[in-house]
Amino acid sequence: MGAPKKSSARVSEDHDELVRVPLQAILIADSFTTKFRPITLERPKVLLPLVNAPMINYTLTWLESAGVEEVFVFCCAHSKQVINYLEKSEWFNQPNFTVTTIESQNSVSAGDALRVIYERNVIHGDFVLVSGDTVSNMSLTQALLEHKERKKKDSNAVMTMVIKRSKTNPAIHQSRLGTDEIFMAIDPDTKQLLYYEDKADYSKGTLHLENSLLADNPSLSLHHDKQDCYIDICSPEVLSLFTDNFDYQHLRRHFVKGLLVDDIMGYKIFVHEICSDYAARIDNFRSYDTVSKDIIHRWTYPLVPDVMNFGNTTTKLERQGIYRASEISQSQSAVVGPFSVIGFGTKIGNNTKILNSVVGEGCKIGSNVHIEGCYIWDNVTIEDGCKLRYGIVCDGVTMKSGSALEPGVVLSFKVVVGKEFVVPTYSQVSLLQQPIEEDSDEELEYADSTSAITSTLDKSDGESDSELSDTHFNPASELGFGGVGYIWPKCEGGHEEEWRHSVAPITEDKILEAVKALEDELELILDGNTLPPSGELKPNSIDSDEDDNDDLRDDFDKEVEETFLRAVHENIQENHLTLEVNSLKLSYNKIAADCAGALFYAMMKYAVDMPHSSAERLTQNVQAVLAKWKKVLTSYLNDMDEQIEVILKFEEMCLESAKEYAPLFAQILHYMYNEDIIEEDAILSWEDEKKEADESDKVFVKQAQTFIQWLKEAPEEDEEE
Amino acid sequence: MPDVHILVNEFVNQLKKRKIEGSQATAKQTAELLRSVISQQRVPQTNQATALINAVRAVGEKLIAANPVELAVGNIARRVLHIIREEDLSLATAAIADLELSAVSDDEDDVERDDYPVLSAAAVAAAARSTLRPPSLQTLLEDAPISAAIPHTSSSGGDSEGKSRSVDKGSRGRKLKHDVIEAVNELIQDISTCYEQIAEQAVEHIHQNEVILTLGSSKTVLEFLCAAKEKKRSFKVFVAEGAPRYQGHLLAKELAARGLQTTVITDSAVFAMISRVNMVIVGAHAVMANGGVIAPVGLNMVALAAQRHAVPFVVLAGSHKLCPLYPHNPEVLLNELRSPSELLDFGEFSDCMDSASGGGSLHVVNPTFDYVPPKLVSLFITDTGGHNPSYMYRLIADYYSADDLVVKRRPVTGS
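Read top to bottom, the protein sequences are chains S and P. The numbering of the first sequence is the numbering used here, which starts it at 195 and goes up by one. The numbering of the second sequence is the numbering used here, which starts it at 1244 and goes up by one.
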């Protein structure tokens, strides 16, 4: 039947006007990050077990069941291990599903990988781009159909990104998967992606959208609860785009953002949102934990341990979500709690408790051991009385009796923890020492977008084998008596963030801290400004005692004051200050009188805030400030109305915010007249205005009466002369 | 010629990924696959039946392991094994009779044998099955010698077959295979026509102006109801929607399209409505040997409600759904927990499942099947007629041989 089938296929191909291209996929079996160090020094990330099956199996299984016919597995780091694994597995001899490996030693990013694949010239049609750490059960049919439809209408629609709704934790701006909150602007009708930001700056609490974005699109919805699944359906153009733009490294940070910004070529990216299907990428230890839990809770059905058995062992699901493989020997008194997985041939001793954990194959767990929230891989030996909480324990680790893991610990391959030793929280322990120089430039590659490719030595494969062999000479007993392994020193800056990405749950105090920070932020947003062009304001330059009055004044005044203070503190030139105030004036749509009032207020405020012991000293302060910044102020005082505004402002200050000025009103007014800040006419018309006012409002007019009287007489004198 | 292994692997894959759903489709595909396994199997000179049995067993074991919850796969594998045994037995008895004949008449046995009117065992079984409909003592008595003979041959079949095999050089092998394939074809035919056979009985059960309640969607139920409608019975149907997959909606649509007066209710309204219902008619996923039913989730509740109001609870099941196993812990072991996303939206609840930051107390369980104990079932309607739950084991004995109940265990004498 095989032969006729083949020929019939050929016949039908002839009939089709379009040559049917098999659906292809590129699976990048390298994440090009160091998030899984130290484990990934010895084994590639895609081969790390996820609920007792290598991650790449999940991705390949999904691709196969989603109808992909040809997969190119791009291997870089530890490529030999990946290829060996695939050769041993049954993936190479599946009907209707071909897996081809592409090996490259000197790629340092996803961008490089795609350029290599482009050179091979193996992709002929639309393809699915995923990384080897993706777990999904989504059906590609709908997304592909949408992509093809769009492509037909608009050849610039090169990519469809798969997204999924997932609420982020508002306190720490982080998704369940431990990745940063992503902001996306999507056209609700066409589903075009217009904006993508995964590194928003929360300190300001603002988001900058291009004006044109709002101008060009009739409607636009902004999301922050979408999770990027890192599943992309791409047209072949994507590969050539990577080749054209040789500086594109990261799929999102460079490629997606690059396309969104570049409006010359007009390439468009669309999104496809999945609702009932599951998709997630394992990016860090936190997502490893989350995705494992999702698998155990069966969100990824049918990619769950009891349905999809990769090895020869079968796993059975029991009540309360306990998955048990065969040939487990468990003591009567041992307790396995709900939502745990126990692998093939594992032995569990007396009075041992295993809660919410995954235990691999062939592990030996002694008596009175307490394991909670841990991921224990294969052939691990845990002796009596150990306590493990929220850690990852790799293959072949030995924990001697009485030792303990604090939350967040990662023990890499074959580490031995000594007797009664307590591994401190968030430590990373490995037989290999932390690579120093490599680490830094790999970090660079992702952290710094400008100088991406610096020195990229071939660290992919050589690292594992050579280092493994020569670092076996007695690593110090950092791990207690009889312990083997190095505790990696924490890299600078890393330790503040490690709780975000660790498998350990986020501790209460971190959340509280984050909530507090958030509240502060919110306060800033509320009483501050929605559009702060000058955000570098130092928080301590706001005086606490004036907070009460803040709400009485409008944003503009406050902004001007801040600008002025900054000018004072940073010795900014007068004309620069004028420029800034002008720009404020434009952005807030104010008139010169407002500027003058605000500036004057700021100056007086500054003067009164300077240390002064007596009224005289205060006057001197005022004189000094006014003398220095006179130019700025006068540039707004061309008109009489503006000068009147200044006087009114001054009056207001004396009454309310700066009562110290009340007795000095006339004196300062006189000084301003002398300095030509305020002209005679302004003062007179101010007095004129005040004639109609209440008695209480006339306090300062009265105080200045002698000065005004003198003014009224002065011109006559002039005339006489 | 396609490699059987490829076919088997493909099917195993489909079963594993839960690409095939519904016991009818699975049963049919399993039977077809096993048919090609048999036709591809090279039969040795001796022990042909054993060779076939081993081949089918090996494949059957794989298929069952691929989806242990889909009992139809195992049922069909066992049926095929039973067919092989039956055919072998009938050939053996014929051959013995033949030997005796040839001893007397000294004829050319090869030519003679083919012409010899041997009643195929399948034909016998089919005849027995068709006479089963009104189960009478007579048929039971007729069956008795056959089923009693089965363990006899399988236990001591080796040497007696060996002797007889030496006489008829190979032609019997071809004959056996041919007969088995014929019988499997008949089985496939049975599976695909079981709807009609069940539906034929509809008029006997549904009466004028009755109210029928059903839950979820079942093709058998649909055909059954439509058959009654075609016979000019007028009745009403209540369809419980069958959360979380809501297949009841589809059924309601179909029924309404065919002119039946249909009312959709929620699953939770079943108890409120049951007092107005004359009969509950539902489909099943599998019927166990004790008369218990593995059925879509929610049916146990319906059955309890029906019992409370003394409403007959009728289960329609094609013979491929009869499983010779007894349910042990069926709520867990014969159940399938599907993705929680059928129940609720992941995005909406994702914060409750964020175990890392304090949430994580939300768990969702979405079982596919319910177990309805036999005491709650009033009547089974299969393609051979209506039966009591307590009669199921007897019916099953007709379809399966006791040796095949455990497919997994390979016979020691196998190789």
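These are calculated hints, taken from the structure and not from any lab test. Computed from a prediction, not measured in an experiment: that's the story for all the values here. Every residue, glycine too, gets a C-beta built ideally from N, C-alpha and C. Warning: the hint list may mix true and false statements.
[As the list claims (entries may be wrong)] With a Cα cut of at most 25 angstroms, we get these calculated DSS-like pairs of lysine-lysine:
no.	chain 1	residue 1	chain 2	residue 2
1	S	Lys885	S	Lys752
2	S	Lys779	S	Lys581
3	P	Lys1305	S	Lys510
4	S	Lys282	P	Lys1260
5	P	Lys1262	P	Lys1305
6	P	Lys1462	S	Lys510
7	P	Lys1262	S	Lys510
8	P	Lys1472	P	Lys1462
9	S	Lys704	S	Lys752
10	S	Lys282	P	Lys1462
11	S	Lys822	S	Lys779
12	P	Lys1418	S	Lys282
13	S	Lys822	S	Lys799
14	S	Lys906	S	Lys885
15	S	Lys510	P	Lys1259
[Stated by the list, open to error] Partial pick of chain P residues on the chain S-facing surface, computed with a CB cut under 8 angstroms:
no.	residue
16	Ile1249
17	Val1251
18	Asn1252
19	Lys1259
20	Arg1261
21	Glu1264
22	Glu1304
23	Ala1308
24	Arg1581
25	Ser1584
26	Glu1585
27	Asp1588
28	Phe1589
29	Ser1593
30	His1606
31	Pro1610
[What the hints assert, rightly or not] So, partial list: chain S residues that the calculated Cβ filter (under 10 angstroms) puts toward chain P:
no.	residue
32	Lys361
33	Ser369
34	Arg370
35	Leu408
36	Asn411
37	Ser413
38	Ser415
39	His418
40	His491
The hints, checked one at a time:
Note on lysine 885 of chain S and lysine 752 of chain S: the hinted pairing is violated, with a Cα-Cα distance of about 31 angstroms set against a maximum of 25 angstroms. At roughly 64 angstroms between alpha-carbon atoms, lysine 779 of chain S and lysine 581 of chain S are farther apart than 25 angstroms, so this suggested pair is violated. The straight-line distance between the Cα atoms of lysine 1305 of chain P and lysine 510 of chain S is roughly 16 angstroms, inside the 25 angstroms bound, and the hint therefore holds. Between the alpha carbons of lysine 282 of chain S and lysine 1260 of chain P the distance comes to roughly 21 angstroms, so the proposed pair stays at or under 25 angstroms and holds.
The suggested pairing of lysine 1262 of chain P with lysine 1305 of chain P holds, with an alpha-carbon distance near 16 angstroms, which does not exceed 25 angstroms. Note on lysine 1462 of chain P and lysine 510 of chain S: the hinted pairing is violated, with a Cα-Cα distance of about 31 angstroms set against a maximum of 25 angstroms. For the given pair, lysine 1262 of chain P sits about 20 angstroms from lysine 510 of chain S by alpha-carbon distance, which is consistent with the 25 angstroms threshold. With a C-alpha separation of about 15 angstroms, the suggested pair lysine 1472 of chain P and lysine 1462 of chain P falls inside the 25 angstroms cut-off, and the hint holds.
For the hint linking lysine 704 of chain S to lysine 752 of chain S, the alpha-carbon distance of about 33 angstroms lies beyond 25 angstroms, and the restraint is violated. Between lysine 282 of chain S and lysine 1462 of chain P the CA atoms are separated by roughly 43 angstroms; this puts the pair beyond 25 angstroms, and the hint is violated. At roughly 22 angstroms between alpha-carbon atoms, lysine 822 of chain S and lysine 779 of chain S fall within 25 angstroms of each other, so this suggested pair holds. About 42 angstroms separates the Cα atoms of lysine 1418 of chain P and lysine 282 of chain S, which puts this hinted pair outside 25 angstroms; it is violated.
Annotation: proposed proximity of lysine 822 of chain S to lysine 799 of chain S holds, straight-line Cα distance about 15 angstroms (limit 25 angstroms). Distance hint between lysine 906 of chain S and lysine 885 of chain S is fulfilled; the C-alpha atoms sit about 16 angstroms from each other, no more than 25 angstroms. A threshold of 25 angstroms between alpha carbons decides the hint, and for lysine 510 of chain S with lysine 1259 of chain P the separation of about 14 angstroms falls inside it, so the pair holds. Hint on isoleucine 1249 of chain P holds. Least Cβ distance to chain S is approximately 5 angstroms, under the 8 angstroms limit.
The criterion of a C-beta within 8 angstroms of any C-beta in chain S is not met by valine 1251 of chain P, whose closest approach is roughly 11 angstroms, and the hint is violated. Using the Cβ-Cβ criterion of 8 angstroms, the hint placing asparagine 1252 of chain P at the interface with chain S is satisfied: the shortest such distance is roughly 7 angstroms. Contact between lysine 1259 of chain P and chain S, as hinted, is supported at the beta carbon level, the nearest pair being about 6 angstroms apart and thus within 8 angstroms. Contact between arginine 1261 of chain P and chain S, as hinted, is supported at the beta carbon level, the nearest pair being about 5 angstroms apart and thus within 8 angstroms.
Taking 8 angstroms as the C-beta cut-off, the interface hint given for glutamate 1264 of chain P is violated, the closest approach to chain S being about 11 angstroms. Given the 8 angstroms rule on beta carbons, the hint for glutamate 1304 of chain P is violated: about 12 angstroms separates it from the nearest Cβ of chain S. Hint on alanine 1308 of chain P holds. Least Cβ distance to chain S is approximately 7 angstroms, under the 8 angstroms limit. Hint status for arginine 1581 of chain P: holds, given a least beta-carbon distance of 5 angstroms to chain S, under 8 angstroms.
Taking 8 angstroms as the C-beta cut-off, the interface hint given for serine 1584 of chain P holds, the closest approach to chain S being about 4 angstroms. Hint on glutamate 1585 of chain P holds. Least Cβ distance to chain S is approximately 7 angstroms, under the 8 angstroms limit. At a threshold of 8 angstroms, the smallest CB-CB gap from aspartate 1588 of chain P to chain S is about 6 angstroms, leaving the interface hint in force. Interface hint at phenylalanine 1589 of chain P: satisfied, since its Cβ lies 7 angstroms from the closest Cβ of chain S, which is below the 8 angstroms cut-off.
Proximity of serine 1593 of chain P to chain S holds as hinted, the smallest CB-CB distance being about 4 angstroms (cut-off 8 angstroms). Checking histidine 1606 of chain P against chain S: minimum C-beta separation of about 6 angstroms stays under 8 angstroms; hint holds. Violation of the interface hint for proline 1610 of chain P is found here, the shortest Cβ-Cβ separation to chain S being roughly 11 angstroms, above the 8 angstroms cut-off. Here the hint on lysine 361 of chain S is kept, as its CB sits about 4 angstroms from the closest CB of chain P, short of 10 angstroms.
Against a cut-off of 10 angstroms between C-beta atoms, the interface hint on serine 369 of chain S holds, since the closest Cβ of chain P lies about 8 angstroms away. The closest approach between the C-beta of arginine 370 of chain S and any C-beta of chain P is roughly 5 angstroms, which is under the 10 angstroms cut-off, so the hint is satisfied. Hint status for leucine 408 of chain S: violated, given a least beta-carbon distance of 26 angstroms to chain P, over 10 angstroms. Among the interface hints, the one on asparagine 411 of chain S is violated; its C-beta lies about 24 angstroms from the nearest C-beta in chain P, farther than the 10 angstroms criterion.
At a threshold of 10 angstroms, the smallest CB-CB gap from serine 413 of chain S to chain P is about 21 angstroms, leaving the interface hint violated. The criterion of a C-beta within 10 angstroms of any C-beta in chain P is not met by serine 415 of chain S, whose closest approach is roughly 15 angstroms, and the hint is violated. Look at histidine 418 of chain S: its Cβ only gets to about 12 angstroms from chain P, farther than 10 angstroms, so that hint breaks. Given the 10 angstroms rule on beta carbons, the hint for histidine 491 of chain S holds: about 6 angstroms separates it from the nearest Cβ of chain P.
Checked against the numbered hints listed earlier, the structure breaks hints 1, 2, 6, 9, 10, 12, 17, 21, 22, 31, 35, 36, 37, 38, 39; every other hint is satisfied.
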